[in-house]
Amino acid sequence: MTASPRHARTPEAPKRHPKTIVLLTLAFGLGLPAILFAAVLVLSPLSKPAMIDAFIEHVLKQDPATFGHRNLVLGVSVGVLGFVLLNFGAIVSGMTVWWEMRVSSRMQSRVGYNRVGAGGFFQWVADAVKLLFKEDLIPAEADSLLFKAAPYFVLTGFALTFVALPFGESLIAADLNVGIFYLIAVTALVVVGILLAGWSSNSKWSLFGGMRSAAQVISYEIPAGLAIMVPVLMAGTLSMQGIIRAQGAWPWQWFVFANPVAPIAFVIFFIAQLAEGNRTPFDLPEAESELVAGYLSEYSSFRFALYFLVEFGNLWVMAAVAVTLFFGGWQVPFAGPEVFARLRGAGAMPGLGWWALQVVSMAVFAVKTLMVLNLIVWIRWTLPRIRIDQMMTLCWKYLVPFAFAAFVITLLWQILVAAVPAVGPVSGVAITGVTLVLAALFLRQTARNITAAGDRVDLTNW
Amino acid sequence: MEKLILRRVDRDNEEMVLNFGPQHPSTHGVINFIVETDGEVLKKAIPDVGYLHRSIEKIGETTGYPGFMPFTDRVDYVAAMFANEGYAVAVERLLKLEVPARAQWLRAISCELCRIASHLVSVGTMAMDIGAFTPMLHGIRERETINDLIEALCGARLTYNYHRIGGVAFDLPEGWRGKALAFLDHFDKFLPEFDRLITFNEVYLRRLGGVAVIPAAQAIDYGLVGPNLRGSGVDWDLRRDLPYGAYPHFKFQVPVGKGWAGAVGDCFDRYYVRCLEMAESSKIVRQALESLPEGDVMAPKVPRNLKPEAGEALSRVESARGEMAYYVVSDGTNKAHRVRARTGSFTAMGIIEDISSGLMVADLVALIASLDVVAPEIDR
Chain A
1 MTASPRHART PEAPKRHPKT IVLLTLAFGL GLPAILFAAV LVLSPLSKPA
51 MIDAFIEHVL KQDPATFGHR NLVLGVSVGV LGFVLLNFGA IVSGMTVWWE
101 MRVSSRMQSR VGYNRVGAGG FFQWVADAVK LLFKEDLIPA EADSLLFKAA
151 PYFVLTGFAL TFVALPFGES LIAADLNVGI FYLIAVTALV VVGILLAGWS
201 SNSKWSLFGG MRSAAQVISY EIPAGLAIMV PVLMAGTLSM QGIIRAQGAW
251 PWQWFVFANP VAPIAFVIFF IAQLAEGNRT PFDLPEAESE LVAGYLSEYS
301 SFRFALYFLV EFGNLWVMAA VAVTLFFGGW QVPFAGPEVF ARLRGAGAMP
351 GLGWWALQVV SMAVFAVKTL MVLNLIVWIR WTLPRIRIDQ MMTLCWKYLV
401 PFAFAAFVIT LLWQILVAAV PAVGPVSGVA ITGVTLVLAA LFLRQTARNI
451 TAAGDRVDLT NW
Chain B
1 MEKLILRRVD RDNEEMVLNF GPQHPSTHGV INFIVETDGE VLKKAIPDVG
51 YLHRSIEKIG ETTGYPGFMP FTDRVDYVAA MFANEGYAVA VERLLKLEVP
101 ARAQWLRAIS CELCRIASHL VSVGTMAMDI GAFTPMLHGI RERETINDLI
151 EALCGARLTY NYHRIGGVAF DLPEGWRGKA LAFLDHFDKF LPEFDRLITF
201 NEVYLRRLGG VAVIPAAQAI DYGLVGPNLR GSGVDWDLRR DLPYGAYPHF
251 KFQVPVGKGW AGAVGDCFDR YYVRCLEMAE SSKIVRQALE SLPEGDVMAP
301 KVPRNLKPEA GEALSRVESA RGEMAYYVVS DGTNKAHRVR ARTGSFTAMG
351 IIEDISSGLM VADLVALIAS LDVVAPEIDR
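Residue numbers (our numbering), protein chains in the order written: chain A, 1 to 462; chain B, 1 to 380.
This is chain B alone, in the form it adopts within the complex (with noise of 0.2 Å):
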């Protein structure tokens, strides 16, 4: 990267560097890319990640187990959901604790519905993105119900804080049942509301149609996860295909690519797959409600102060950008010696070098946030 900075741009062509970031609109945080450009086209755009670098990976060898939760919420603001339950997985699976259903059920309740929002936030961005401000705001305002719902649950609307080694902070509360319901009634319509709204747009179709393909092959070359895999058309879903927790009991479709507005894998099948899911995740927040088992929701006798054996653990949630993966290595103190976040966006980084060729400057941005990369998950 130094050489592509320090080159001399050729004054006898037309290119230029820009640095596209890491204070620009549409980058969703701070990212920076070092655009080579030949006009409106792109010859390469290559990420520059590292400025929401924040440690948290070495923070988690320097706090106790249980004390690390907090910081897992700012792994991925979007969804810290998804970021909690990893680690908790992890911790669980080190110390061989049973987690009782009520508590994976909780789980995955708020876990989907973490989901939803994060959709939401992702399509509405792409909407923002492709000049459509409307879409964005309304998608804030069905998320703004979600966090009031997370809120009543666990007292926090962003940094959720929730789930806890050996099962979740706190019990439904009084009530939360109908409102959640009544949410996904109204969920339920808003989804066609705001496809007709943008997503069959003509405008939008051909923005993002075609634009930006990415291969099944060259996704799973490059470790894409998620929504970014599945639009490539690789039918792969954690909750499915390596079940844990709940997901064994739920049935659901897994959405996947199909080319809808062109090409598979282009910009298009990556949104759409987004808009899917929520319908999906919307369905496995009612089974869950449904279903939910009476019981306690968190393990008995789980120590404060915990020291787990002398090994390592590994676990694979299906986070809303992907496969989100937390290796816990453990001494046998009660501090890990070692945790290790593996994160969906910045394996999805990686692919725009490759990708961005040939691009327009305003496709960049349609594949950014068709990516759906969350700053602080790239750089933790």
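The following block holds chain A by itself, in its conformation from the complex (with noise of 0.2 Å):
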């Protein structure tokens, strides 16, 4: 927020917009959201078989034992769910970048996204549409069949961690048992798409890409899932909703805050996060000052657009991951679980008030995930790119022995809280006093450069 002395250039504020496009530009930003949350609200605990029995019983007025398209009405209902949870992740990318650019040009002293829409909302739209009336360019030298197929293992890798990932208290297409071995396991599915496109491009800059990413990704995996370790060990359970409802509403009931090491396996988490999504300051296999765009220089148009859904729409994934396994995920204060089950009340169909809660868990969840992902979007244009040695040197000689040492630590912690229960609580709040002086030091500290630069916090020229 630099914001002016006179003589420093503060862009000029963009034309007012007439009211219409205002009003149409807020309908769709909050309503499309709105409605993707709420059909997520409907189908999620809807396409459950229990739920499909009472479903049938009391909305279409049928026996569910002699009704005949019971199989049909669930294969409905999950194709739906399928079909808006995919959509979901397209329009949570879209507009991902549409706010990764109105935040980047504030850091930056520009204007940003101001044409399409009121505050350039409808950018992502317009780049979308413009991207699918592009020439779809295949290299003659490319090896077609793999070059086409490539961009369709990014898609996928991308949309199938919205099987498992939660949304709510029983909001979630479906909770694994294996919840969390099956993200991991899934998203690695993208770096044999990017693979792919870098060899098959048959081009210098995209192998190099290609084989960057590759190096990237295989060795991040190995931190990520020592620090993802640490949460599963606290929670016992490798089920998303399980690791959640073993974490509670407030700040010291959060895994993160749960032990002393919790918060160093979440910041290598963090990072891993960063490395596996190509991110600054792990962009190396896009490097555009070095590789022109990596594995993405050959492509365009629609497989393009593809490349480009995945790597915005993976923002939403990794926060939500980080909120699930570290930061409570949709815990509601004040509503434990027997609030829950109150609520739901005997009958089959759930009562009213469970509904409103599952809306007020659904909000809890979103919110915290955009502040984490409003926290790797600050990182991104902030940070420089790191060098593909240190890259390694980061992940092997630093991340995964402190992995390990967070993995046996919280081991032992365990025992000791089995031992004395008490320890529990008390480090939690502890370690959430700490980290909130810490908090309260950086913000003291940006306030004093701001006042020594000579600016001042300006929030109005939004």
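It is possible that part of the hints are untrue.
Stated by the list, open to error - From the structure, some residues in chain B lie toward chain A, with a derived Cβ separation under 7 Å:
1) Arg141
2) Leu238
3) Gly358
4) Ala362
Unchecked claim - Here are the computed lysine-lysine pairs in the BS3-like style, where the Cα-Cα straight-line distance is at most 30 Å:
5) B:Lys335 / A:Lys204
6) A:Lys204 / B:Lys96
7) B:Lys96 / A:Lys397
8) B:Lys335 / B:Lys96
9) B:Lys58 / B:Lys96
To be verified - Partial chain B-side listing against chain A, Cβ under 10 Å, derived:
10) Asn19
11) Ser26
12) Val30
13) Ile34
14) Leu137
15) Ile140
16) Val211
17) Glu294
18) Asp296
19) Val361
Please keep in mind that the hints were generated in silico from the structure rather than gathered at the bench. We treat Cβ as the ideally placed atom computed from N, Cα and C, and that holds for glycine.
Relying on the hints, combine the two individually framed chains into one complex.
Here is the structure:
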């Protein structure tokens, strides 16, 4: 926020939009996510077999035992849910692009998106449409089959993550008992696509990018996996919902503050996630200043759009997984499992209060996820890129040993907590307190730096 | 070089030949590097220059002396003021023309502002080539204000054509002094902010520290000049050691590379010397604005159709990219017999082949950026 002494250029405020445009933008900007979240809210509990029976009984007024089309209804609801989740990924990806561009433009003293819709909100739609109309170019020397196939590996790896990604208390497509393991497994599919893209393009830049990506993603899966073991050990389950249920709503009940090494595990996990998502400071595979565009160099049109979609959609996935593992997921304050059970009632169809609480839990999860997502955006526009050997050194010399240490210490900690139960809450509160103090110091230093540069905090020019 | 291009790459090892440019995001214009790599590690990078050759020196022989001034802007369009100054000084020496003091001061002011602008581009692109985009735009933002100031001074934002043989084209406009001082006040605070943003970033220090070290002796051997030479620890600045124009009247430090992030003469030294030079330039502009003498800005009675006596003259000025020399030979007519521009970027290209062996691909980008090469200055 470098706001202006009068000689520093502040961008001219874009022309005010007509009211209809603003309303239209607001309607889409809020309505589209609202529709998607509502669809997830309704469909994800409904696509479970138990609920389908209740649905058939109460809504369709049929007897589930004799109703012939039960599997059809189940199949349709699962299919629609899948469709909704895929669209959720795509639209979240688009909106993330808009948010990232707006944030980065403020960081860099420029206007940023401002043409299509109020605040340039529809720029991502315009970009996507433009990309669809571009020539779909396949280099003559490329291996055309692999070249065409590569984006779909990437897209599949991305889309499959939504199967096990929680949205709220009962809102998850499938609460697999190996949820987090499944997530690690399917995200690894992305690297296959990138490697294929790098190899099949038959361009040296693409090959560089593909090879870098393979080295990077595969290396960083190891510290990420070890760091994930810390919350898994504390929760005693691999299920995404189970990990969240093992945490509480308040910060001192979150896994990130649960034991002295948990913050370290979170930092390792977060760094590894940045690396797996090819985000700065680990954007080596597409390092613009070195490799032109890395593995993307030869792609155009819709295939390029798919890569782009996945890259930005991944931010939501990264953030949601971090929130699930370390930040208490959708846990609502003062609403433990017994509140959910009471509001659900004894009937087959849950009561209205239960649905309301689901909405609250969804909102809590979405807000936390967006905050982590915003952190990733800030990092991207602040840090320079590291070199390939430093990337490897960081992974194998620092992250892996520290992740191992965190894993072992957490094991011992669990034994200690089992012996002395009071240690758990006390350390939770203590670590939360320390973190708050550090955050306050950080904010104070930031305020001092802003003053030293002769600026002031200005949030009006947005 | 032909040998390298035509040579079949040995299939048994993993070497490959890569054309790094001429259209590449980080070659700063159109420069080609023929890069022989083994995976990420460079065997050699050979600069292949000439893509931006515009025969500017030849044009100098076909236009009259004053008419060549706008062409000098195109020698180095990132720091056009120095190219103006170098040519003007050379022709003045040929004519044995005395330049009025006020014009000397205005030359120093415009040149130092231009040096800040050029260095801002340099350190900004350095950060961008390392992968941080934000510092670059912060630098460009400050440069815009300098462009505004220079636009108020001479009407142009990039190719200034401000200096004239015998002085400068325009005097300061009304209120310019205040605007310039206000900018400098802001700029002096901007530099520490910039340092906090990128210079002392740990990732940045590790990317640049100890990378592509050029020892002092080698820097002198290859004829490196300006910040590249000073980055290697050689204390040499024409403004201080062979003073010209108004520079003897100003007090300023000459920053020299000290191995802040590793070895003396690494990429970080070359980068940080430029950061420090910007602060020094700011001091010089302040002093010049304070002690600005009254008087004319052009030498009296400079004829339009210049016909210097047969002879030759050499001017050396400290450009943002180091020593810029103009060598002008007159045969007594109104057109120069020969105009030769000696520029810093061209000699800096020569050292890349020697230094690049063993670097990584990402380091080559850092090396090019740290040498601050500008394509038009290489080829002219």
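Cross-check of the supplied hints:
no.	hint	result
1	Arg141	holds, 5 Å
2	Leu238	violated, 31 Å
3	Gly358	violated, 12 Å
4	Ala362	holds, 5 Å
5	B:Lys335 / A:Lys204	violated, 50 Å
6	A:Lys204 / B:Lys96	violated, 57 Å
7	B:Lys96 / A:Lys397	violated, 67 Å
8	B:Lys335 / B:Lys96	holds, 17 Å
9	B:Lys58 / B:Lys96	holds, 24 Å
10	Asn19	holds, 8 Å
11	Ser26	holds, 4 Å
12	Val30	violated, 15 Å
13	Ile34	violated, 13 Å
14	Leu137	holds, 4 Å
15	Ile140	holds, 9 Å
16	Val211	holds, 9 Å
17	Glu294	violated, 26 Å
18	Asp296	violated, 29 Å
19	Val361	holds, 6 Å
Consistency note: the structure conflicts with the earlier hints numbered 2, 3, 5, 6, 7, 12, 13, 17 and 18.
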